Amino acid sequence: MKKQKMGFWRHALFLGPASLAFALAVVVPFVISVIYSFTDWNGVANDIKFIGLDNFVRIFSGKSNFLGSFWFTLKISVVNIILINVLGTLLAVALTSAIRAKGLFRVAFYLPNTIGGLILGFVWQFIFVTGFPAIGQLLQSGFFNQQWLGTESTAFIGLVIVSVWQNVGYVMVIMTAALMGVPSDLIESARIDGASAVCTFFKVKLPLCMPYITVCLFWTISNAFKMFELNYSLTKGGPYGSTNSMALYIYNDAFANNKYGLATAESLVFFVIIMLITGIQMYFTGKKEREYQ
Amino acid sequence: MKKGKIGSVILFLVMLLAVLVFLYPLFVVVMNSFKPLGDIIARPLEIPGILHLENYINAWKTVEIPRVMWNTALVTVLSVTGIVLLSAMSAYWSERHPTVYSRIFSRLLVLSMLIPFASLMIPLVQVMRVFRLNNSLSGAIVTYWGIGLAFAFFMTQGAVKSLPYELEEAAIVDGCGPVRVFWQIILPLLQPTMVTIFVMDIFWIWNDFIVPLILLDSSQLSTIQLAIKKLFSQYSSQWDLALPALVISIVPILVVFVLLQKKIVGGILAGAVKG
Amino acid sequence: MKERKRLLALLLSGVMALGMFGCGVTTGSGDAAPEKTPAAQDSGEAAGDKGAGTADAGTTEKKTIYIYQLKIQIDEALKNVCKQYSEMHPEVEFVVESEADNYFTSLKTKFTGGQAPDVFTIVGNADAKLWQSHLEDLSDQPWVADMIDLAKQDITIDGGVYGLPVSVEGYGYMYNKKLFEQAGITQVPTTLTEMKAAVDKLEAAGISPITQPYMDWYQAGNFMVNVGIARQEDPMAFLQGLNDGSTTFVDNPVFLTLADYLLYDVSKCTNPMNTDFNTQTSLFSNQEVAMTLGGNWNQPTLDEAGPDLSAGLMPFPIDDDKEANDMLFAGVTGYWGINKDSEAKEEIKEFFTWLSTTPEGQKCMTTDLQMIPAFRSFEADPDSIGELGTDLSSYINQGKVYGMYHSYYPDGFAQAAGEAVQKLVAGNIDGAAFTRELQNGWDNLKTE
Chain A
22 MKKQKMGFWR
32 HALFLGPASL
42 AFALAVVVPF
52 VISVIYSFTD
62 WNGVANDIKF
72 IGLDNFVRIF
82 SGKSNFLGSF
92 WFTLKISVVN
102 IILINVLGTL
112 LAVALTSAIR
122 AKGLFRVAFY
132 LPNTIGGLIL
142 GFVWQFIFVT
152 GFPAIGQLLQ
162 SGFFNQQWLG
172 TESTAFIGLV
182 IVSVWQNVGY
192 VMVIMTAALM
202 GVPSDLIESA
212 RIDGASAVCT
222 FFKVKLPLCM
232 PYITVCLFWT
242 ISNAFKMFEL
252 NYSLTKGGPY
262 GSTNSMALYI
272 YNDAFANNKY
282 GLATAESLVF
292 FVIIMLITGI
302 QMYFTGKKER
312 EYQ
Chain B
20 MKKGKIGSVI
30 LFLVMLLAVL
40 VFLYPLFVVV
50 MNSFKPLGDI
60 IARPLEIPGI
70 LHLENYINAW
80 KTVEIPRVMW
90 NTALVTVLSV
100 TGIVLLSAMS
110 AYWSERHPTV
120 YSRIFSRLLV
130 LSMLIPFASL
140 MIPLVQVMRV
150 FRLNNSLSGA
160 IVTYWGIGLA
170 FAFFMTQGAV
180 KSLPYELEEA
190 AIVDGCGPVR
200 VFWQIILPLL
210 QPTMVTIFVM
220 DIFWIWNDFI
230 VPLILLDSSQ
240 LSTIQLAIKK
250 LFSQYSSQWD
260 LALPALVISI
270 VPILVVFVLL
280 QKKIVGGILA
290 GAVKG
Chain C
14 MKERKRLLAL
24 LLSGVMALGM
34 FGCGVTTGSG
44 DAAPEKTPAA
54 QDSGEAAGDK
64 GAGTADAGTT
74 EKKTIYIYQL
84 KIQIDEALKN
94 VCKQYSEMHP
104 EVEFVVESEA
114 DNYFTSLKTK
124 FTGGQAPDVF
134 TIVGNADAKL
144 WQSHLEDLSD
154 QPWVADMIDL
164 AKQDITIDGG
174 VYGLPVSVEG
184 YGYMYNKKLF
194 EQAGITQVPT
204 TLTEMKAAVD
214 KLEAAGISPI
224 TQPYMDWYQA
234 GNFMVNVGIA
244 RQEDPMAFLQ
254 GLNDGSTTFV
264 DNPVFLTLAD
274 YLLYDVSKCT
284 NPMNTDFNTQ
294 TSLFSNQEVA
304 MTLGGNWNQP
314 TLDEAGPDLS
324 AGLMPFPIDD
334 DKEANDMLFA
344 GVTGYWGINK
354 DSEAKEEIKE
364 FFTWLSTTPE
374 GQKCMTTDLQ
384 MIPAFRSFEA
394 DPDSIGELGT
404 DLSSYINQGK
414 VYGMYHSYYP
424 DGFAQAAGEA
434 VQKLVAGNID
444 GAAFTRELQN
454 GWDNLKTE
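Residue numbers (this note's numbering), protein chains in the order written: chain A, 22 to 314; chain B, 20 to 294; chain C, 14 to 461.
The shape of chain A in the complex, shown without the other chains:
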């Protein structure tokens, strides 16, 4: 009886504080930013004029290069998501096998994940601009002597290298946990049935790790699309704006170009885009999970 009737105050006690913080930091600011997206506010002036859908027209008519940054973000996200998850899983496989000093390896691979993207960007800028040429001179290698951050393709590769380097540890930790959770009797029986190690991995282990893979995918996808700090400090969007991520583009429009209204409209578009993408991802991995159950 008593258990069924939960008074308002109990709901408020458990959900209230969380809702309050969430409303203050996210919901209300987001609503305000949606309102700004219909204005021409520059972020400074006291007078704000409503201009209807003009900002959105600007985005889709190509007057703002936001869609260019969308393609960049999409490309680099796909590359990053695949590399981070595959390499992270490989590391996890290697580090769950019979190998010495597992703990140390794990710490080592996780280490870059503990440093902020902004500072990593500065550090890698230093390495690309000063370190690589020095290595190139030492080894007489053209590979290192390229102008790494100076051409479109190498700057792209540079960003991929740093993102993978930074994030692979996260996937490794989660997938290690996942693989360790696979019951050994299942693997044993697969082996008795004559399945090869590779076959066991794909047919037995991976399906059982599906929930963890969902976590990894969700995490890497939302991080990849929100990529900001690395571009901000490593390439500054260069050369010639070819590595502007959507988040950086929005930041620049809001704060450097004094187009706050346009920037909030862009972020609304951005929001809808990643909502669609993660929605699709959740749908498919959810389906996979159900299939395996």
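Mixed in with the good hints, there may be bad ones.
[Stated by the list, open to error] Some chain A residues near chain C, calculated using beta-carbon distances under 7 Å: (1) Gly64; (2) Val65; (3) Asn67; (4) Lys84; (5) Phe164; (6) Gln168; (7) Pro260; (8) Asn278.
[Said to hold, decoys possible] Derived contacts from chain C toward chain A, CB cut-off under 8 Å, selection only: (9) Phe117; (10) Phe124; (11) Leu143; (12) Trp230; (13) Val279; (14) Asn284; (15) Asn287; (16) Gln435; (17) Ala439.
Hints were generated in silico from the structure; no laboratory data involved.
In this text, all values refer to a predicted model and were calculated from it rather than measured experimentally.
Glycine included, each C-beta is placed from N, C-alpha and C at the ideal position.
Use these hints to put chains B and C onto chain A, whose structure you have.
For chains B and C alone, kept in the frame of chain A given last:
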């Protein structure tokens, strides 16, 4: 048997090589943090002949390490503690006592993970100003509670789902109120997941610079990331201060990671977002 | 203090909220508990208010002038000047904060957050327009008539003057005197032909001639593209025309010449697309390269590099017209504006007047802050402004300067223009396409 052993030795060597390449950039950072500025720029790969400890002393003073470390630690610990508690409370409650509100609430949380922060920046300052929380550590903390809630909520929700309901039932039959059930039974069971969230969020908040940039404006309130950021400017990057400051800033979280490493993995195992 | 109290309140309310769990159990009713939580938060707020109140009370006798400015190199010197002034005028005290990279972001959040500074940097015409609604009109100030024309034209909007010009800055190529001597160059080149001859001599002597930070859009967009605008017959009319559509970058002869010159310039650089500002400065100050784009703002960095580096400023010669090329580019790069809602408005005006009209104030400007003043009645101090400053002022005194017009760009154009330069020098587009790219950028960014 023997073949397996050789295989594992080869694997070990491959991994060792991978780790060396992987950690080389960090090694370069540490190495250069001991060199004078001229050497850093001109000979970045050379191992320093003498350890230039002045860098650390200068960085300590210029960056005001004790103060910014204190600010960062305070913000990080209070934020993370808040996130963990709030997410445990709300995830537990919406899992066990779902209502229309709790369903909307959790939907909104998922969506919130997709909002680019740049668009929230100015409105956030406006909202915090109404409550006189901007330019104060409290404001930054509340902000982290709000932004950090979503991910923590889902980790915890997964963990709550995997908890056996019988324990709670038994407690309720014994006459425990929901608060006591949560405090004495659920929280201890959620501990592994909470530790995981705790550690992950520590890294995030410790390393974040954008919230401090807008909400901790005065240099009195500066956090370590913001202070380091100031050493890199368009016109002069003070590598001889920035690198030692960077090394100093990594040490505390490194300690946290090494100490809690086993628990992180355990927490994910327990959380596991089962279904 | 205020902060600590607020934190304490927050902690307290947190602890009380936690305590509620216990209460909930003992009273057997969760209903009573949450009523207290808001109460705890209220008391937290109250404590915060009180903290704020006492802090304000402490400062009412003295007026505090909060200066937020962009020139990080003068931070220390400015604090000293302010201290000197406070000693003479005990009714005011100063808080000086300097920031380079995040200045514009922080300034906006400061205004949004109600922590607006009383005095802040305005970087020129477009910026003054942006902030106009927050700026005090200073047209009636005694120093206005004394401002040089470049400054007056820049900071005047609709007949009002909105800032005190801080200093004149200028740029061209920075060159290393010793390396020039080594290569046997006796006179700085002032035409393209002479420039090419000098580069050949440097190369023959085994010295790398030029480095440019083409990796960053900043200098390319602001300073290199300005060369093209400044060398139009009537730059102001040209800019006006860009906005109303009567003039265009497309196939403009000056810009085509500039494009050709930039292609020559980049061909003499090593790794230009991988050179950022830091690499540029360190190469130049380590005397590894003879020339680079630079201005008198580089002086402090060069001073740090050591006394054996001797540098000067020389023209940026894009063609062979001697008279048109033997010039530097100069303008006022920063103004101090007064927040019109500041309580210390009158005191600040007094401070500005002191700086710009009294001998002591002027001395602070020229020797302490090491500025080249943008006023007619007093001159820079040759000992303070260094070699680069000396070269610049001698060009200014001979009237051999073009203006700096990047402060008239629409917001975001500096970056668009810099990216156009990057595309050009990377070989992605030719000169004609470069001018089209500039036009495109301007059209997309101008405010209708």
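Hints, one by one, checked against the model:
1. Gly64: holds (5 Å)
2. Val65: Holds: closest Cβ of chain C sits about 5 Å from valine 65 of chain A, inside 7 Å.
3. Asn67: holds (5 Å)
4. Lys84: With a minimum Cβ separation of about 5 Å from chain C (threshold 7 Å), the hint on lysine 84 of chain A holds.
5. Phe164: violated (14 Å)
6. Gln168: holds (4 Å)
7. Pro260: Holds: closest Cβ of chain C sits about 5 Å from proline 260 of chain A, inside 7 Å.
8. Asn278: Interface hint status for asparagine 278 of chain A: holds (4 Å vs cutoff 7 Å).
9. Phe117: holds (6 Å)
10. Phe124: holds (7 Å)
11. Leu143: holds (5 Å)
12. Trp230: holds (6 Å)
13. Val279: Given a least distance of 11 Å, the restraint on valine 279 of chain C is violated.
14. Asn284: holds (5 Å)
15. Asn287: Result: holds, 4 Å to nearest chain A Cβ.
16. Gln435: Status holds, d = 4 Å.
17. Ala439: holds (7 Å)
The structure is inconsistent with the numbered hints 5, 13, although it conforms to all the rest.
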